Amino acid sequence: MESGDKVWEVFIQKKAGLPFKHAGSVHGYDKKMALQNARDLYTRRGEGRELWVVEASNIVAVPLDEADAFFDPADDKIYRHPTFYNIPDSVGHM
Amino acid sequence: MDKFEAAFNELIEKELKIEPRDWMPEKYREHLIRQVSQHAHSEVIGMQPEGNWLLRAPSLRSKQVLLAKIQDEAGHGLYLYSVAETLGISRQEMVQQLHEGKAKYSSIFNYPTLTWADMGAVGWLVDGAAITNQVSLQRTSYGPYSRGMVRICKEESFHQRQGYEIMMQMAFGTPEQKEMAQDALNRFWFPALMMFGPHDKDSAHSSQAMKWKIKIESNDHLRQKFIDHTVKQIEYLGLKSPDPNMKWNEATGHYDHSPFNWDEFWNVVNGNGPCNQERLDHHKKVHNDNKWVREAAAAYALKTETQVA
Ligand SMILES: [Fe+2]
Ligand SMILES: [Fe+2]
Numbered sequence: 187m188e189s190g191d192k193v194w195e196v197f198i199q200k201k202a203g204l205p206f207k208h209a210g211s212v213h214g215y216d217k218k219m220a221l222q223n224a225r226d227l228y229t230r231r232g233e234g235r236e237l238w239v240v241e242a243s244n245i246v247a248v249p250l251d252e253a254d255a256f257f258d259p260a261d262d263k264i265y266r267h268p269t270f271y272n273i274p275d276s277v278g279h280m
Numbered sequence: 003m004d005k006f007e008a009a010f011n012e013l014i015e016k017e018l019k020i021e022p023r024d025w026m027p028e029k030y031r032e033h034l035i036r037q038v039s040q041h042a043h044s045e046v047i048g049m050q051p052e053g054n055w056l057l058r059a060p061s062l063r064s065k066q067v068l069l070a071k072i073q074d075e076a077g078h079g080l081y082l083y084s085v086a087e088t089l090g091i092s093r094q095e096m097v098q099q100l101h102e103g104k105a106k107y108s109s110i111f112n113y114p115t116l117t118w119a120d121m122g123a124v125g126w127l128v129d130g131a132a133i134t135n136q137v138s139l140q141r142t143s144y145g146p147y148s149r150g151m152v153r154i155c156k157e158e159s160f161h162q163r164q165g166y167e168i169m170m171q172m173a174f175g176t177p178e179q180k181e182m183a184q185d186a187l188n189r190f191w192f193p194a195l196m197m198f199g200p201h202d203k204d205s206a207h208s209s210q211a212m213k214w215k216i217k218i219e220s221n222d223h224l225r226q227k228f229i230d231h232t233v234k235q236i237e238y239l240g241l242k243s244p245d246p247n248m249k250w251n252e253a254t255g256h257y258d259h260s261p262f263n264w265d266e267f268w269n270v271v272n273g274n275g276p277c278n279q280e281r282l283d284h285h286k287k288v289h290n291d292n293k294w295v296r297e298a299a300a301a302y303a304l305k306t307e308t309q310v311a
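Chains A and B, in that order, give the protein sequences. Residues in the first sequence are numbered consecutively from 187, following the working numbering. Residues in the second sequence are numbered consecutively from 3, following the working numbering.
Treat the hints as calculated values from the structure; they're not laboratory data. Among these hints, one or two may not hold up.
Claimed, not checked - Here are the simulated lysine-lysine pairs, DSBU-like style, with alpha carbons at most 35 Å apart:
no., chain 1, residue 1, chain 2, residue 2
1, B, 19, B, 65
2, B, 305, A, 218
3, B, 16, A, 218
4, B, 106, A, 263
As the list claims (entries may be wrong) - Derived list of chain A stretches under chain B, where covered just means 3 residues or more per stretch with a C-beta under 8 Å from a C-beta of chain B:
no., stretch
5, 189–200
6, 207–215
Model, not experiment: these values are computed from the prediction. Think of the CB as a built atom: it goes at the ideal place given N, C-alpha and C, for glycine as much as any other residue.
Whole structure, please, built from the sequences with the hints as guidance.
Put into structure tokens, the structure is as follows:
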């Protein structure tokens, strides 16, 4: 990459109360330019009321070959789900 | 077959999406890089024939509309460069490949835009053909490409309408304007149809791409869809079909068309169209003229964003 040019990941919040959502990425040399480029690229039609940009190199992810083991503990705890418990119909919605 | 390859095959089989960090065959990656970078370059080079009319648009309204449309195309180029970057190639490399003639862009943009009616024909037919293709690509198997297509299709919806609006103004205007509209239709019709690429029987790339579900519908299928859809739009304008053999075929349920001039198509693809040299020279010139801006931005960032921890 050309010196100083960086890739930033872009997150947009469409309305207050909604979570930020990943929109894609953008190039920029500094924070301010990354924000302005993200605005021009991703929010030309009122798609957002808030915008985050994060340098792509700062994102931490689970290595692909560890992913199975990493998420495995979530699979065998069925008692974390409401359907694990038997509650009589007569007590109403719970 | 290892578990990663099996997982890849299963995702394709079930029409789920492949994401950037998933394992994928090298050929799948290469095919996508070639297709997506070509798509990105097309969006960017495609700004030139329209930019040609920005300073000569006949009204302030038409100038605003054209400017907004061209800005969208720049955005489409950037979305697509981002998609390709998730596959491990940098934007700088892609631009370099374009400049060295190693990467192509859609040959439709190597035709000149001679009159204001051409702005109508481009929006109506060129964007129209591109939209037909892009709507289908929304279902492509590569996640970031698919998401980019969804975003692009949303933005494209006004491009074709603004083009058709210009065609209506010209076709329903003075006899001279109507003649310009007819001439633009005549010049862009066949090149627009050839944008869909070679016939299925001659397209080796496409069949592998369809197995991987990078492509969902074949070139001929999409082209026929576009023709069938566009005929009544030509009729509404009161213009003559540029193809004397375009007739409704009761048996196939589609419109027939003349054979295409593939020699012309390949000639333009291989660099000998009316504007190939001009388009590439212009891109290189602007890229080089703006070098100082990139250098200044890098120097400024270095000065203002150095960490003082
Ligand atoms: Fe576009
Ligand atoms: Fe467009």
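Status of each hint after checking the structure:
1. 19(B) x 65(B): violated (40 Å)
2. 305(B) x 218(A): With Cα atoms ~13 Å apart, residue 305(B) and residue 218(A) stay inside 35 Å; holds.
3. 16(B) x 218(A): violated (42 Å)
4. 106(B) x 263(A): violated (53 Å)
5. 189–200: With 4 residues in contact (Cβ-Cβ under 8 Å with chain B), the coverage given for the stretch 189–200 of chain A holds.
6. 207–215: Coverage by chain B holds here, the residue count being 5 at a Cβ distance below 8 Å.
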